[in-house]
Amino acid sequence: MSMQSLSDVQRESVLRVIAKHKSRPGPLIEILHEVQASLGFVPPAAVRVIAEGLNLSRAEVHGVVTFYHFFRDHPVGRHVVRLCQAESCQAMGASALAAHAKRRLGIDFHETSADGAFTLEPVYCLGNCACSPALMIDGDILGRVTPQDFDDLVASNQGRT
Amino acid sequence: MSIDIYVPRDASALSLGAAGVARAVQTEAQARRADVRVIRNGSRGLYWLEPMVEVALPQGRWAYGPVKARDVAGLFDADFLHGGAHALSQGLTEEIPYLKSQQRLTSARVGVIDPSSIADYVAHGGYQGLQRALAMTQAEIVQAVLDSGLRGRGGAAFPTGIKWKTVLDQPAAQKYVTCNADEGDSGTFSDRMLMEGDPLALIEGMTIAAIAVGATQGYIYLRVEYPHAYAALNEALNAARQARYLGPDVMGSGRQFELEVRLGAGAYICGEETSMLESLEGKRGEIRVRPPLPAIKGLFGQPTVVNNVVTLASIPIILARGAAFYRDFGTGKSRGTLPLQLAGNVRRGGLVERAFGLSLRELLYDYGGGSASGRPIRAVQVGGPLGAYIPASQFDVAIDYEALTGIGALLGHGGVVVFDDTVDMARMARYAMEFCAIESCGKCTPCRIGSTRGVEVIDRIIEGVERERNLVLLEDLCETMLQGSLCGLGGMTPFPVQSILKHFREDFHAGTRH
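Quick note, the sequences are listed as chains A and B, same order. Residue numbering for the first sequence follows our numbering, starting at 1 and increasing by one per position. Residue numbering for the second sequence follows our numbering, starting at 1 and increasing by one per position.
None of these hints come from the bench; they were simulated from the model. Computed from a prediction, not measured in an experiment: that's the story for all the values here. Treat the hints with care, since some could be wrong.
[Stated by the list, open to error] Quick look at which bits of chain A chain B covers, simulated, 3 or more residues with Cβ under 8 Å: (1) 120-134; (2) 146-153.
[Said to hold, decoys possible] Straight-line Cα separation of at most 30 Å, DSBU-like style, residue types lysine-lysine; simulated pairs: (3) A:Lys22 <-> B:Lys283; (4) B:Lys333 <-> B:Lys297; (5) B:Lys283 <-> A:Lys20; (6) B:Lys283 <-> B:Lys443; (7) B:Lys443 <-> A:Lys22; (8) B:Lys297 <-> A:Lys22; (9) B:Lys297 <-> B:Lys283; (10) A:Lys20 <-> B:Lys297; (11) A:Lys102 <-> B:Lys68.
[As the list claims (entries may be wrong)] Just so you have them, the derived chain B footprint on chain A, three or more residues with Cβ under 8 Å: (12) 29-36; (13) 56-70.
We put the CB at the ideal spot given by N, CA and C, even for glycine.
One chain only, chain A, in its complex shape (with noise of 0.2 Å):
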């Protein structure tokens, strides 16, 4: 398998990462949550190097990357909008919803639109309930969204940062 290597400054990251961590109890994911924070994602490379930091195998750092839908080991858009696909909001029409946001946008789930500004996740439950259909667009919850919502929504959103 070829795996890119890490940039200098990818490293110095990482491993400022894990020296911040290591001491704690049971640290692997607050250190990945933090690597995915301020690389975007986990690259691969990074894993060894975790691996080595923590002393795990790197069969068990890219086990528990591979657990947990919420990293990723590939660069995404600008914003990730996850839709929520759960039953609350299934009942409140979340799945014309996301039909509608995959022909507006032009990639499926886990994909990242031409342009690189977006990238549609989906979620199962914000806890926006009372409010379907919901989504949150990085930080950001949104209830009741319609299409024409979502609209706006790249609009005001595709040519920023």
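Assemble chain B onto chain A, guided by the hints.
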């Protein structure tokens, strides 16, 4: 004197534009030289009125809602600072029937106080429970929790006091108190509301648990989908540390308790307690085979209390007001109150905390006002993705653990998701299996493979391929998952499917092929 205006910072209120409303109130007040103080509270849980703005008047808090940012200038024009008449006026908040008829014990302060303020928390009865607990022996605290009849509100409904007693009885140098805040069930948001609106109640409850069982370290395992709760919890933790309600000398008692929040990473299974412990240890969230119980061998192999947010947040009032006060609410073996959550296709969705025993019909129609679409309600799913779908003919069931079990349903974490008559129940059965396939931890075969086979079988039924034969196969598969899975995910995914086979079987016969 400045006038207090409350604009919620609750995630659902924010999802409807509360941040813009708060900004507009500030801007407009400045422009008009009005002396106001904007307080960012939690939500009262009347979500059809959010963003709901409240003004503190001498006679009580007055509500306006749902308020858009563009309504704010008009509210000032109408002199809402003094309760002026306006189309959005809802009158005194506490007199709104939806709220007035509730019995809010656990969520009494949610939406009322500034969640980041220790002073506000204490002024509303906060830390009285811990103070009482510190004057009691450990066994007395555990006995009070036992006597209150409190059962785990996360879904399993196990008596909380028994868990605590088991941990107390373990001789160990290190014990832990953990909070399961991985509220992943669709249709539930009471944990989120509590953590955002009254995080100190959870912190106080965990501190009491720690004192009771002899733990010195606690963790709140919070789902990553709740960034606003994460911020609110950390603010409250810092405030509690500074005021010495946490740390090496809790309230001057000489007892030590440290507490931190750990984030999950988008895995539903981590709401299962042993999977949560694995995740807290930084591992894959694969469930553990029990025994040993977490109370005996839990986090890092040590005796550990694992309780849900609402369970722990109910502890302070039990200690403050006494076990009998709490136990006197409720019915049969379901004691106390439960914050129910009304969601999905419902006109007035929100938080309804009532003593056990309310009927489902009262919840759906008296509180909920029927469906949001105005169409007949056909089905409600109670208790999250592993809960049964209940047909309209059973809406008179009482909401308590035993009554729901009696009709083959379960209460779970108290979420109620409403569907109108446009729902295709065969699709919902397929979704139940699909969700299990996506979220299975993979440890046991019935769950890992059974859920995928379940999706395939349901697809064939929907397509009309050998329908009767495949319906038999589906029932058989449900039985296998139910009997053979290691935990509730695989073991309960059949519940919604079986309930659909029983009550909505006609939806499997919609197709016409063969």
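query = Looking back at the numbered hints, which does the structure fail to meet, lowest number first?
reply = Number 2 only.
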